[in-house]
Each structure stands twice: as structure tokens, then as C-alpha cells.
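**Student:** So the chains spell out like this:
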Amino acid sequence: MDQSNALSLMEKLRSGTWHRHKAMERLPFVTALVEGRLPLDSYVGQLRGLAVIFSAMEQALADSTSPLLVRLRSIMKSRFQLLCEDLAFLASKCVPDILPAVRLSLEIAAEIRKVVLVSPGEFLGFIYVLEGTTRGNRVHLSDIKDCFHFPEEQGTAFYAGYGERTRIHWEEFSFILNQANRELHPAAMQGAEKMYEALERFHFALFPLTDSARGLTATALNPEAGDHPVPRDAVILEAALRAARRCWDEFPYFAIRYGSRGRRFADSDAAWLASLSDLSARVIADQVLWFGRVLSCRGMPTLLLERQLELLADELAGKGKAGAEEALFQAAADLRKAREQWMPPDCWARTRKRLAELPVLSRAADLPDLPSIFSAALADQRAGIPECLHSLMNWLRKTGRAADEELDGIRAVLAAAYRAQGDGKEEGGA
Amino acid sequence: MPRVAEAYLHALLAADREGARQVVQAALQSGVSVRDIYLEVFQPVQREVGRLWLLNRVTVAMEHFCTAATQTIMTELYPRILSARRIQKTLLAACVGPELHEIGMRMVADFFEMGGWDTYFLGSGVGADRLLAAIRFRKPDLVAISVTMTYYVAQAKEQIGCIRREARNPAPAIMVGGLPFLADAELWRSIGADLWSPDARHAVESASAWLLGKGQTMSGEGTGRHG
Ligand code: B12
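Those protein sequences? They're chains L and S, same order as listed. Residue numbers for the first sequence, in numbering that gives the first Met the number 0: 0 to 429. Residue numbers for the second sequence, in numbering that gives the first Met the number 0: 0 to 226.
Bound-form chain L, shown alone (with noise of 0.2 Å):
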């Protein structure tokens, strides 16, 4: 009888990779962490790197109905959101990427999403090796606070993993991967050779260091950002940044709806919108409406991305940069035009000040801005995006802050308002 038949998925996947574990341990990246001289860009790249990796592999998890990926999600914690906590700690956001680190780690993002769908034998292979990282980290942890000496543990988040919980942690783990069909073995020890493989030449990227290969990209600032160019320029790079806060801080919605998610996106966004500024108008107006849509199909209407530029603009007043200030507040108010377009200003204060009216809207008192909302995702509607309501009503509904008679009332208020602005005034009588 073949002896590994006999074998467990686990026995299987340590004894066939144990070489590239042990490669992994030879890394010169991790000789220098051990030996306390490894850089600290090195370590944001890798916590960089492995968000993007890690948010690929926790979403396609997410995604799965088989039932053995549902069985492993309840045991897994979200290893991103550590990342993204010693992420935020190291407030590394304008610390350049190591560029070729971040288009290794956008493959393998790539690859996870791909393989979930086609060979669901390697996706375990994969999982094994990103879920086995979480040992490693354990043993190099105090090398970590050795080398960095964070005040008050943190920034060791990802590090410290499942803490003392790890070896029952794994045990479970192991357990549930090792109900996995026989069948799937071959391509789950294909899937961990390959996943080894890719983390290794991730490493190699990452240390020693070149002056050449670094620049900021969008993962730098969001590791879901997927690939887009942000502005080179500092002082434009931190102009956005400070936008997308003060639209983040306007309207309590995105806060609400899309959490740190989202705040992370709001970040990226801003970034991309900056780069623009250096596009000839036709190519900015043309890149606008199109982002304008893909954002309203999410539930953000184009109102936001409206006040979005405007405050980019604003600020960037003052600073130097006369012509990136002035396309984008010419898109901004491109925008406002279509807007109004579609709502005249009249007809937008009255839907307003009727959604504000209705008891639903009203007792939500940590949605004040839901009246604009709602009223700039009808302009939405008119302009040819109709997503935009059918997501709100759908988000109202799932959160169970309004019920159906409700959401009626809404699309009454709404009805009323696109009727009205045929004649100029509103049917039913204000």
C-alpha cells in the first residue's frame, strides 16, 4: 500500500514543504530581523505586503460556501485587521513602498482570487502556508521588539497572532483541514509549494534594501486599493489626505456604512483624485464621471465626490500649485452643474426638508446628513444611476433602521420630488 495514502492533508503538507519552511528561516530578511538589524522600511513592507495578501485570502474565505472554508472563516481570526492596526500604529503612510515587493504582493492577492475559483485543493495549500505563518510569527516575535523597541507592544500586532492561544489555535485548525477530501490533496501540496514560493521571493524584495525600487502607491495607503498611481508630490499626497478626512468628518454616512473599510478607501480615492490634477480637463471630467458612478453604484453619491474635490482644491489654495487647485475645482464644479441639472436648487431644498420631515430620517440623529443623501442619489437616479437609491434602501433595510412602510415613505417623498420638477412644483402641494 502507498504509505502517504495513509498520511493526513497536515502530515502531508508539513513533511512535503518542510524544505521551504526551512528556506524561509534562511531568508537574509529574517537573519537581519533576528540578528536586530533590520530596517524598518523592510517591516512596514512586509505588513504592507502581507494586508494586501492576507485581504485577498480573508475576502475570497468570506466568499466561500463550501462548507470546509465556512468550518475554518469561524476558527480564523481577521489577521488583516492586525495588520492594518500595526499599520495605522506605524502611521506609515508616506513611507515609500519597496516597488517591487508591492507587485509581488498584488500577484499573489491576484492569484488567491483566481485559485479560490478554479482549484479549490490549492486554496487550502495556500490558506496552510499564510495561516502557518501565524507559528513563525510567535518565534520571531521578540525579535520584533528587539529590533524596534515600539513603546507599549504595539505595532506587534500581526506578530503576536492568536498569543498564547496559538498552539490550540493551530490544533483546530489542523483538525478541520484535515477533513479536506483525499482528492484535493495533490493540488493543496501544488498550492502550498506555490504560496512558499511566492512569499519567499516577497522576502527577497523586501531586504536587503535598493534606493532605486522605492515610490508610494496606492496599497501603501490602502492595502484593498488594488494598482493606481497617487501624486508623487508630498505636498499634493498630504493635501488629499487631509481632504478625505474633512469629507470623511462632513458626512457621519461614510463613517457609519463603511467603517474603517472605508476610511481606508476614502484615503486611496483622494489620492488617485489628486493625481488627476496633472490630466488635461477633457481626460479629469472624463475620469470624474466614471469614478462618480462606480462610487454611487456603492451608495455614495456623486453629491460626495462633488465636496470631495471641492475641499482637495481648497486644499491645495495657497500652497503652490495654482493649476492642480484649479482643475479640480473645475471638475468639482462640472459636477455641481450636472447635479443641478438633474435637481434644480429649489427642488433639491424642498425634497430635503420633506426627507428630513419623515420620523425615519428624523430619529436618526447620527444621520443627519441622510436628507442630502438620499436627495443628491435621486439626482443620481435621473442622471441614469438609479444603483445609488436601490443600495441605500437596501442598507436602510439589512441595518434595520427603517421597515418597508418606511423605505415607502421615502420613495414617496422621492416620487413626489421627480414628478414636480416637470411643472416647477411639487404634486400634492407644499
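Since the hints were derived computationally from the structure, they do not count as laboratory data. Worth double-checking, as some hints may not be accurate.
Unchecked claim - To give an idea of the chain S side of the interface with chain L (calculated C-beta under 8 Å), a few residues: (1) H63; (2) F64; (3) A67; (4) Y150; (5) L178; (6) A182.
Said to hold, decoys possible - Label pairs and their computed distance ranges (CB to CB): (7) L:R410 x S:R20: 37 to 47 Å; (8) S:T58 x L:P251: 44 to 54 Å; (9) S:Q70 x L:V234: 54 to 64 Å; (10) L:A87 x S:H9: 41 to 51 Å; (11) S:R20 x L:S7: 31 to 41 Å; (12) L:S14 x S:R163: 56 to 66 Å; (13) L:A233 x S:H201: 35 to 45 Å.
For each residue, glycine too, the CB sits at the ideal point set by N, CA and C.
Knowing the structure of chain L, use the given hints to seat chain S with the ligand on it.
**Tutor:** Same frame as chain L, but now just chain S with the ligand:
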């Protein structure tokens, strides 16, 4: 044909790569050409997937899956692409700098290959240095540069300037294409290209016409560089 595209899209959205492959195989068996599969199935389906992502109806993961499946199926069609007769013309194709969208450029390169050109597709993420080195080595008649994300148009302009300065003997013709050029019909000229084309089919026709206009033959005999 829209029915084939619909069936193909349907299979992809069900994460059924095998089903998608079968749709393509059945169409080929019923006499549909590879060119039509490219332009009437792969191209509209890829764009539709992009639209569905924009509308928040498919996830990024699904979009990645569809793209990867289409790329794999395109690779499987290679034997049908490589068999064409040669016309002794060389194309070097690349996506500009950090541009990752490569399916459009690859399709264009495959159409040139089917038209008898010798094609070299460098893929995505090609910097000016690598492009220049490849031009010096391959001595192409035509360099094709693809841009999808508008913000990389400026880099395409830089690359074209660089080719003009550094690769003069022989100087290849430079063609551009991709989404931003579809949106603005004059853009190609303003960045210094010799020609552009809206899609893969027209690209081969325009390139041939352009080279003929410069006194080159398209058969490998006569004045062609490799003749
Ligand atoms: C697949 C895809 C991706 C894949 C690409 C994978 C790959 N290996 O190619 C990945 C995931 C990497 C990707 C990433 C991104 N993408 Co994308 N992507 C797409 C998608 C869905 C399909 C592209 C495609 O395959 N089209 C099919 C081909 C055949 O069409 P084509 O490219 O137009 O090519 C034809 C012609 O244009 C012409 N042509 C093209 N090149 C050339 C060159 C020459 C010389 C000539 C003559 C002709 C020519 O001929 C081709 C064949 O007929 C499009 C949707 C769309 N509408 O295209 C979005 C799309 C292009 N992406 C978009 C975005 C926003 C992004 C990201 C910024 C997302 C993110 N945050 O990460 C990144 C940017 C990455 C980067 N740095 O380049 C947006 C762009 C919108 C905009 N602002 O302009 C689109 C339009 C999606 C959408 N609906 O909003 N994307």
C-alpha cells in the same frame, strides 16, 4: 454571434471554465473564425464583465476569474493562430509602463500573427529601457503600444519620444491603441504616434496600408526591410 457571447459570459459568471471552453469549441466547429471569437466574444464579454463590476454586480474575484479563463482559452487557440503564411514583417508589442491590461494588446498581436507577421509581445509592465533593448534586438517594422488607464497616456508619450530619439536606424513605425484613444479621436496624434486603430482587425489593415504608403511591400519581397 451575440448568443455565443452570452453563453460564454453565462458560463464564466457561473465560474464554469470548462463550460466556457466548450462554448468556444462549439462555435469554432460550427465555422466561426478565431478572429470573430476574439472580437465578438472575448472583447465584448470582457467589457461586459467590467461593466458589471462597475455596477457592483460582480466581485473583483469574479472579474479576475473571467479574465484568467479568457486568457487560458486564448492560449489554447494558439495552434490556429500560428499556422498563417509569413509576410516578413515584424511587430513588437507592449503595454505601456505600469499598465496591467494586456488582453487587448495580446489580441492585436494575435491578429498580426494571423496576418502573417512575426510578432513579439512583451506583455505588461514594460519600461522604456526594456522596450528599447527589444527594438534594437528585433528591429521591428512596427512597434505597438497599448494604454488602457488614461493616466498612463503621458508615459506612452514619453516612450514614443524615447523610441524616436534612440531607435533611428532603422526607425520603426509606432502605433497606439486602447481605451483612452477610443474616447478621444485625436489623442494618438497629440502623443506623437504614427497611427492608431480602434480594434485588432482594423489595426492590421491600417498598419499594412501605412507601410504600403511608405513604399514597403507586404509580401516580404521588394523593399521590405527583411526582403
Ligand atoms: C480585465 C480587467 C482588468 C485586469 C487586467 C488583467 C489583464 N491581464 O489584462 C486587472 C485586474 C489587472 C485590472 C486592473 C485594473 N483595472 Co481594469 N479592467 C479590466 C476589464 C474588465 C477588461 C479589460 C479587457 O480585457 N478588455 C478587452 C479588450 C479586448 O479590449 P481593449 O483592451 O479595449 O482592447 C481592444 C482595443 O482597445 C484595441 N487596442 C487595445 N490596445 C491596443 C494597442 C494598439 C497598438 C492598437 C492598435 C489597438 C489596441 O484593440 C483591442 C482588441 O480589439 C476592463 C473593462 C473594459 N471596459 O475594458 C476594466 C477596466 C479597464 N479597469 C478599470 C480599472 C479602474 C482598473 C484598476 C484601476 C482597478 C484597481 N483599483 O486596481 C486597475 C488598474 C491596473 C493597472 N495598473 O493597469 C476600469 C478603467 C476605468 C477608467 N478609469 O478609465 C475599467 C474600464 C473597468 C470599469 N468598467 O470601470 N483590470
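**Student:** Each hint needs a verdict: does it hold in this structure or not?
**Tutor:** Now the hints, each set against the structure:
Using the Cβ-Cβ criterion of 8 Å, the hint placing H63 (chain S) at the interface with chain L is satisfied: the shortest such distance is roughly 4 Å. Among the interface hints, the one on F64 (chain S) holds; its C-beta lies about 4 Å from the nearest C-beta in chain L, closer than the 8 Å criterion. Evaluation of the A67 (chain S) hint against chain L yields a held restraint, the C-beta minimum of about 5 Å falling below 8 Å. Interface restraint check for Y150 (chain S): the shortest CB-CB distance to chain L comes to about 5 Å, inside 8 Å, so the restraint holds.
Interface restraint check: L178 (chain S) against chain L, minimum CB-CB distance 10 Å, threshold 8 Å, status violated. A distance limit of 8 Å between C-beta atoms decides the matter here; for A182 (chain S) the minimum to chain L is near 6 Å, and the interface restraint holds. Distance hint check: the CB atoms of R410 (chain L) and R20 (chain S) are about 45 Å apart, consistent with the given range 37 to 47 Å. For the pair T58 (chain S) and P251 (chain L), the supplied restraint of 44 to 54 Å is violated, since their beta-carbon distance comes to about 27 Å.
Take Q70 (chain S) and V234 (chain L): their Cβ atoms lie about 41 Å apart, and the range 54 to 64 Å is violated. Checked against the hint of 41 to 51 Å, the pair A87 (chain L) and H9 (chain S) passes, with Cβ atoms roughly 43 Å apart. The supplied range of 31 to 41 Å is met by R20 (chain S) and S7 (chain L), whose beta-carbon atoms lie about 34 Å from each other. At about 58 Å, the CB distance of S14 (chain L) to R163 (chain S) agrees with the hint of 56 to 66 Å.
The beta-carbon spacing between A233 (chain L) and H201 (chain S), approximately 43 Å, falls within the hinted interval of 35 to 45 Å.
In this structure, the earlier hints numbered 5, 8, 9 are contradicted, and the remaining ones agree with it.
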